[in-house]
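J.: Please build the complex by placing chain B on the supplied structure of chain A, with the hints as guidance.
Residue numbers (the UniProt record's numbering), protein chains in the order written: chain A, 1 to 687; chain B, 1 to 687.
Read the hints as simulated data drawn from the structure, not as lab findings.
All values reported here derive from a predicted model rather than from experimental measurement.
In this text, a Cβ means the ideal position worked out from N, Cα and C, and glycines have one as well.
Mixed in with the good hints, there may be bad ones.
Which stretches of chain A does chain B cover? Using the computed rule of at least three CB atoms under 8 Å from a CB of chain B, they are [claimed, not checked]: (1) 311-322; (2) 394-405; (3) 440-448; (4) 567-581; (5) 668-678.
Label-pair ranges, simulated between beta-carbon atoms [unchecked claim]: (6) Ala191(A) with Gly675(B): 39 to 47 Å; (7) Gly245(B) with Asn272(A): 51 to 59 Å; (8) Pro59(A) with Glu270(B): 37 to 45 Å; (9) Ser76(B) with Gly252(A): 50 to 58 Å; (10) Leu253(B) with Ala105(A): 50 to 58 Å; (11) Asp242(A) with Glu101(B): 53 to 61 Å; (12) Asp242(A) with Pro123(B): 50 to 58 Å; (13) Gly173(A) with Gly245(B): 27 to 35 Å; (14) Ala118(A) with Leu253(B): 47 to 55 Å; (15) Gly675(B) with His327(A): 23 to 31 Å; (16) Leu253(B) with Pro59(A): 26 to 34 Å; (17) Leu194(B) with Ala70(A): 36 to 44 Å; (18) Lys552(B) with Lys412(A): 52 to 60 Å.
Using 30 Å as the maximum straight-line C-alpha spacing, the simulated DSBU-like pairs for lysine-lysine come out as follows [said to hold, decoys possible]: (19) Lys217(A) with Lys193(A); (20) Lys412(B) with Lys412(A); (21) Lys138(B) with Lys14(B); (22) Lys415(B) with Lys412(A); (23) Lys306(A) with Lys412(B); (24) Lys238(B) with Lys412(A); (25) Lys134(A) with Lys193(A); (26) Lys217(B) with Lys14(B); (27) Lys412(B) with Lys238(A); (28) Lys209(B) with Lys14(B); (29) Lys134(B) with Lys415(A); (30) Lys238(B) with Lys218(B); (31) Lys415(A) with Lys415(B); (32) Lys552(A) with Lys482(A); (33) Lys412(A) with Lys306(B).
2 protein chains.
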Amino acid sequence: MNQMENASSGARLKRSQPLPLRSVHIEDRFWSDYIRLVRDVVVPYQWEALNDRVPGAEPSHAIRNLRIAAGDEEGSFYGMVFQDSDVSKWLEAAGYLLATEDDPALALIAEEVIDLLARAQQPDGYLNTYFTLKEPGKRWTNLNECHELYCAGHLIEAAVSYYTATGNAVVLGIARRFADYIATVFGPEDAGKLQGYDGHQEIELALVKLYRVTGDKKYLSLSQFFLDQRGTQPHFYKQEWDRRGGSVHFPGLLMSQNYAYSQAHLPVREQNTAEGHAVRLVYMSAGMADVAAETGDAELLAACRKLWRNIVTKRMYITGGIGSMTHGESFTFDYDLPSDTVYAETCASIGLIFFAWRMLQYEPVSSEYADVLERALYNTVVSGMSRDGRHFFYVNPLEVHPASCAHNHNYKHVKPERQGWFGCACCPPNIARLLASLGQYIYTVQDRTLYTHLYIGGQMDWELDGQRVHIVQESDYAWNGKVAMKVEQIERIEQSGHSEQNEHTEQNDAQAEFTLSLRIPSWCGGRYHIQVNGSAVTANEGTPGSGYVDLKRIWQAGDVVNIAFEMPVLRMKGHPLIRDTIGKTALQRGPFVYCMEEADNGANLHQIMLTSEGETDVRFDPGLLGGLSVITAAAERVGSADWQEDAPLYTSEGSWARSPMTATFIPYYAWANRGVGEMAVWVRDSV
Amino acid sequence: MNQMENASSGARLKRSQPLPLRSVHIEDRFWSDYIRLVRDVVVPYQWEALNDRVPGAEPSHAIRNLRIAAGDEEGSFYGMVFQDSDVSKWLEAAGYLLATEDDPALALIAEEVIDLLARAQQPDGYLNTYFTLKEPGKRWTNLNECHELYCAGHLIEAAVSYYTATGNAVVLGIARRFADYIATVFGPEDAGKLQGYDGHQEIELALVKLYRVTGDKKYLSLSQFFLDQRGTQPHFYKQEWDRRGGSVHFPGLLMSQNYAYSQAHLPVREQNTAEGHAVRLVYMSAGMADVAAETGDAELLAACRKLWRNIVTKRMYITGGIGSMTHGESFTFDYDLPSDTVYAETCASIGLIFFAWRMLQYEPVSSEYADVLERALYNTVVSGMSRDGRHFFYVNPLEVHPASCAHNHNYKHVKPERQGWFGCACCPPNIARLLASLGQYIYTVQDRTLYTHLYIGGQMDWELDGQRVHIVQESDYAWNGKVAMKVEQIERIEQSGHSEQNEHTEQNDAQAEFTLSLRIPSWCGGRYHIQVNGSAVTANEGTPGSGYVDLKRIWQAGDVVNIAFEMPVLRMKGHPLIRDTIGKTALQRGPFVYCMEEADNGANLHQIMLTSEGETDVRFDPGLLGGLSVITAAAERVGSADWQEDAPLYTSEGSWARSPMTATFIPYYAWANRGVGEMAVWVRDSV
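Chain A with its partners taken away, still in its complex shape (with noise of 0.2 Å):
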């Protein structure tokens, strides 16, 4: 019983707190088209999709296979092991967009599907329909590699979204009991219990989610278990590999053969390096945050802080992506970051952002927590979703050659345009969620300290010991750095009610003392202008370049906070130990990292080449992809005039005129809009 006893003792780390999803509406110029997006066309496609009715696309199933355990109708599962995760994924982001906006129609529907699984569920509370239907009596029996509890995961988190928006009982009810019933299942060997872990994390952070919700203990403590059970001896999987005789599910596969792929070859305390596939690894990373923060491990918490550095240090790409190999979806080794090979899919940016946004709570205040969330939010996530909200990127690479992607083998998961929902949907889903809950990583507050950590416009509410803060941000930060917070109301609450539903507002005092700690983002160089009702303040400065500046004041409604970044085109360079960029540049500003694309070049690319402390300039482009800065560079081409097709390959005379040319940029979320062409984000450069 020990380690069920461990997650209650330790203090709570102290940490700052998201908003509640519903007091932040985002009204931003950049982000408001994507949300939107989410909303009207992602969500709803995905409900088509999930229901078999998109024409052309590969059979979901995943609604009718909740039918047929629910006994509506005949017929036999269909569909991955993993299945049932698509309707709980839906149903997450259904909750996120209903704690935001009123939407009757999508309520309707969700309910209808809540209904559905609580039909679907086993009279103990399980509820899985490949087991249900297509491996009566094979439950647990293959944790490795049959993801059990990652769609029992995904099912609490859709559980606590929904009901964290509406107050839907029933859902939350489904959830706990399976959580209930899934705490008889496993736990210490002592009372009886399989000491086994999924293969795919995400139960982990569900259950905390789950526990915040409640209050019961018992969650946290489960997925403590989960998590010190991980990569222990002797080895579950290799248990319950015996007690298969040796059967696999996927045999092709590295699930089974590689513990390493699913982060189990060692307990997660251990862990130094990032290793495997590269979802998990951050998934498991934001699970193991959230368990130290509960219950103050701070061993926990160092393992965390290990493996965040190493990612960030050694394994991560300059948009945010991480995993470098397509095989396992995998991360490599450090300083492996080759751009052109890369897998970088969308879902572990996604999870990076998940870790880095828990991290972000529950570290004394960092802003590279924030830089990294913000680097991979605006790049490889955004990259990852068409402007349509139809076509979506799993691979995201920093380089591309369609020729390569068409006739050589090692490209062949890399794709020049964005693909349509694939059988085994797991980005486009992801992004859903992750948009529709932007509102959450805005903003953190800490006893009288909010802090704003992205820059994106819109309204928030704060309440204040009694006072209700309202604030208004405007932000064109994504393209000038230029943000203005406005604190638009400063109530008091009346008492007389619980919920924010009965609040009544008794008299705008109109002032309250707190700190506005604003984060300073790490590409402004320290290089800033803060103003208080128009004039500039001295502000608590920091590191240069990185760290939150605090403004503690009595604050008044009507006082504005103007925050002016300076925002120039850095030439970014990777680190020398990296072989893929080594000689090479890349341009960012702002929050975008940017790329060449042949749209703009011409083809080959690779013949660009910056010219040394060149000239940059920008300008905004409304009229392109919905509006964007271009960057020009001064540049030289290596000329292929004085070499005819037929010439030698080879040659010790031939020499290469360069002419100078003028390189345009364009942000590398928006890149593979203008048809199939070579891409390119490090260019090469005489420096």
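T.: Using the frame of chain A, we list chain B on its own:
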């Protein structure tokens, strides 16, 4: 019958012909060691392997398969479908060795093998232990995948080699009976025969060898038939696949899925680019060139030229490697020549030599063929074998980072060290048969012209109109570009007998008129000095940097030609359409391409940059890896000193200190002999 008859239409192409292997004896500073290694180590070791007597090595079972087929012992077939071909390749190499040096012990073993082959041969002439033992009744049902005619081809090549060396009629009889039987099975539809052809080309060139040694045009016609059937519609592989009910022998492999893999996607005359498995392509091309030469088929020769030009101007590595991709061990597309994920199989470069050697004989003299032959021979082929003769490269990368080989799946096929004998042992016996027959690649003769293509020291005899011209070549070509060719003797041959055995020299009449045509290697840039008997001669210089110089005179015994090719260190550039070599330089000196190794330059070779137009120096190091010339070059290293291990991966603020250094280069063939480490052929350069 038309296609069969085509073979006898048209005139033979006028061509220069190789000298009999027995007429050339190599005594060369660079090559003799390698040939000695083949004789003393590789061929004996291979014999042990074929007999499953190499401790720790995967069993071959190849001799046992034959013994079982011969009824000498009980048992069942074991090995690949093409296991028999290993015995044939061994016998072919043994034949070449016996042609150049008496070796009664080797001959005794070889004749036992021949006896075994004779007894394993079926009454109708068929000889293939896989089908005889494992799939009786299934002959010729899966030409696409099962290498049946491929094995027949290797048997024929072995027989021709051994017969030519020793006059052994038994082995030739085995091959003829098999070929005669094959000719009853394959042929035009109106003769009621199969219109198939093998999935691995090989028999095509072998049948022309058999034709040349027997004079029986049936074999030439059959070769032509196989070539002309290839890739025609209705597609034979589809037809036989249908007849098999869709069963495949290698379910995971490309053979049955992708006809281009076997160059069967189009008729051979319509193939404009080198596609698919590289070894198959060059074996096929060699066969096409042979048939074209014998039939005077200009269209077929033109097809050879198309493939040749595509390879050498768009799809060949600077080391003479071909096949850019491990998937299918195959060509990809024009200018796609990655240095690191490369395949460049040793066997493919050997096949390229086969192809080049034929084109060199059949085409109006162009030194390009010999240039490419030399490039492949001195770089990829020699690199393929360790200096102990027991370790081999199958894959010949131009850039190696050992951690990538260990941890990044894209490099799994790339080995940083030569490997022991493999289960599928294609490359080692191919190296053995090439080096054992190297003598025939040095000279060809046509009318009264003696072409010297390679400058490899030793002696040769040329029978010219009843005279025997005996020339000694003393070569310091490899390291210093210096060659002396001495006309040692000119003798009249007594015409008493037909065969060489019966010759008696009458008297040394000491003079003969002929043309000595000397290849000018492209790497000397047209800068060379030729003296005859100490006097500079005005030579026909041809195109600067290439072509042949003709020295036509009445040669006397004692005449000496001294040739000195200038051998500067060449800074080679790749065509600007090659993405992988842009901004990089490879050093070449004489026939050798050079590389940097970690052993000389430390780790992180990617940080090294050649100084633009910096000094280079050459010194011969007699103690290094058997003696070789080392090049040193002024360079700079981008320092990591100001980037801590834990520094941000990407920054706009870091400056890269460059430290001057001297970069050390060794010939490519000698890499990977000093422990596991990084290697790079292409080095960054600011020019």
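J.: Against each hint, give a clear statement of whether it holds in the structure.
T.: Checked hints:
1. Counting residues of the region 311-322 of chain A whose CB lies closer than 8 Å to any CB of chain B gives 5, so the stated coverage by that chain holds, three being the minimum.
2. Only residues whose C-beta sits within less than 8 Å of a C-beta in chain B count toward coverage, and the region 394-405 of chain A has 3 of them, enough to reach three; the restraint holds.
3. With 0 residues carrying a beta carbon less than 8 Å from a beta carbon of chain B, the region 440-448 of chain A misses the three-residue requirement, and the given coverage is violated.
4. Note: the region 567-581 of chain A has 10 residues with beta-carbon separation from chain B under 8 Å; the three-residue rule is met and the coverage holds.
5. Using a Cβ-Cβ cut-off of 8 Å, 0 residues of the region 668-678 of chain A lie near chain B, which falls short of the minimum of three, so the contact claim is violated.
6. For Ala191(A) paired with Gly675(B), a C-beta distance near 53 Å fails the hint of 39 to 47 Å.
7. Checked against the hint of 51 to 59 Å, the C-beta distance between Gly245(B) and Asn272(A) comes to roughly 54 Å, which is consistent with it.
8. Distance hint check for Pro59(A) and Glu270(B): the Cβ-Cβ separation is about 41 Å, which falls inside the suggested range of 37 to 45 Å.
9. Checked against the hint of 50 to 58 Å, the pair Ser76(B) and Gly252(A) fails, with Cβ atoms roughly 29 Å apart.
10. Distance hint check: the CB atoms of Leu253(B) and Ala105(A) are about 52 Å apart, consistent with the given range 50 to 58 Å.
11. Our hint of 53 to 61 Å for Asp242(A) and Glu101(B) holds, since their Cβ atoms are close to 60 Å apart.
12. Our hint of 50 to 58 Å for Asp242(A) and Pro123(B) holds, since their Cβ atoms are close to 53 Å apart.
13. Range check, Gly173(A) to Gly245(B): Cβ separation about 55 Å, and the 27 to 35 Å hint is violated.
14. For Ala118(A) and Leu253(B), the Cβ-Cβ distance of about 49 Å falls inside the hinted range of 47 to 55 Å, so the restraint holds.
15. Range check, Gly675(B) to His327(A): Cβ separation about 27 Å, and the 23 to 31 Å hint holds.
16. In this structure the supplied range 26 to 34 Å holds for Leu253(B) paired with Pro59(A), their Cβ-Cβ distance being about 30 Å.
17. At about 59 Å, the CB distance of Leu194(B) to Ala70(A) disagrees with the hint of 36 to 44 Å.
18. For Lys552(B) and Lys412(A), the Cβ-Cβ distance of about 57 Å falls inside the hinted range of 52 to 60 Å, so the restraint holds.
19. A hinted pair counts as satisfied when its Cα atoms are at most 30 Å apart, and Lys217(A) with Lys193(A) qualifies at roughly 18 Å.
20. The suggested pairing of Lys412(B) with Lys412(A) holds, with an alpha-carbon distance near 16 Å, which does not exceed 30 Å.
21. Annotation: proposed proximity of Lys138(B) to Lys14(B) is violated, straight-line Cα distance about 43 Å (limit 30 Å).
22. Our distance criterion of 30 Å between C-alpha atoms is met by Lys415(B) and Lys412(A), whose separation comes to about 23 Å.
23. A C-alpha spacing of about 28 Å is found between Lys306(A) and Lys412(B), which places the hinted pair at or below 30 Å, so the restraint holds.
24. At most 30 Å may separate the alpha-carbon atoms for a hinted pair to count; Lys238(B) and Lys412(A) meet this at roughly 26 Å.
25. With a C-alpha separation of about 24 Å, the suggested pairing of Lys134(A) with Lys193(A) holds against the 30 Å cut-off.
26. A threshold of 30 Å between alpha carbons decides the hint, and for Lys217(B) with Lys14(B) the separation of about 18 Å falls inside it, so the pair holds.
27. Restraint check: the Cα-Cα separation between Lys412(B) and Lys238(A) comes to about 26 Å, which is no more than 30 Å; the hinted pair holds.
28. Note on Lys209(B) and Lys14(B): the hinted pairing holds, with a Cα-Cα distance of about 17 Å set against a maximum of 30 Å.
29. Using a Cα cut-off of 30 Å, the hinted pair Lys134(B) and Lys415(A) is violated, with the two alpha carbons roughly 44 Å apart.
30. Between the alpha carbons of Lys238(B) and Lys218(B) the distance comes to roughly 27 Å, so the proposed pair stays at or under 30 Å and holds.
31. Of the supplied pair hints, the one linking Lys415(A) and Lys415(B) holds, its CA atoms being roughly 29 Å apart against a limit of 30 Å.
32. With a C-alpha separation of about 21 Å, the suggested pairing of Lys552(A) with Lys482(A) holds against the 30 Å cut-off.
33. With a C-alpha separation of about 28 Å, the suggested pairing of Lys412(A) with Lys306(B) holds against the 30 Å cut-off.
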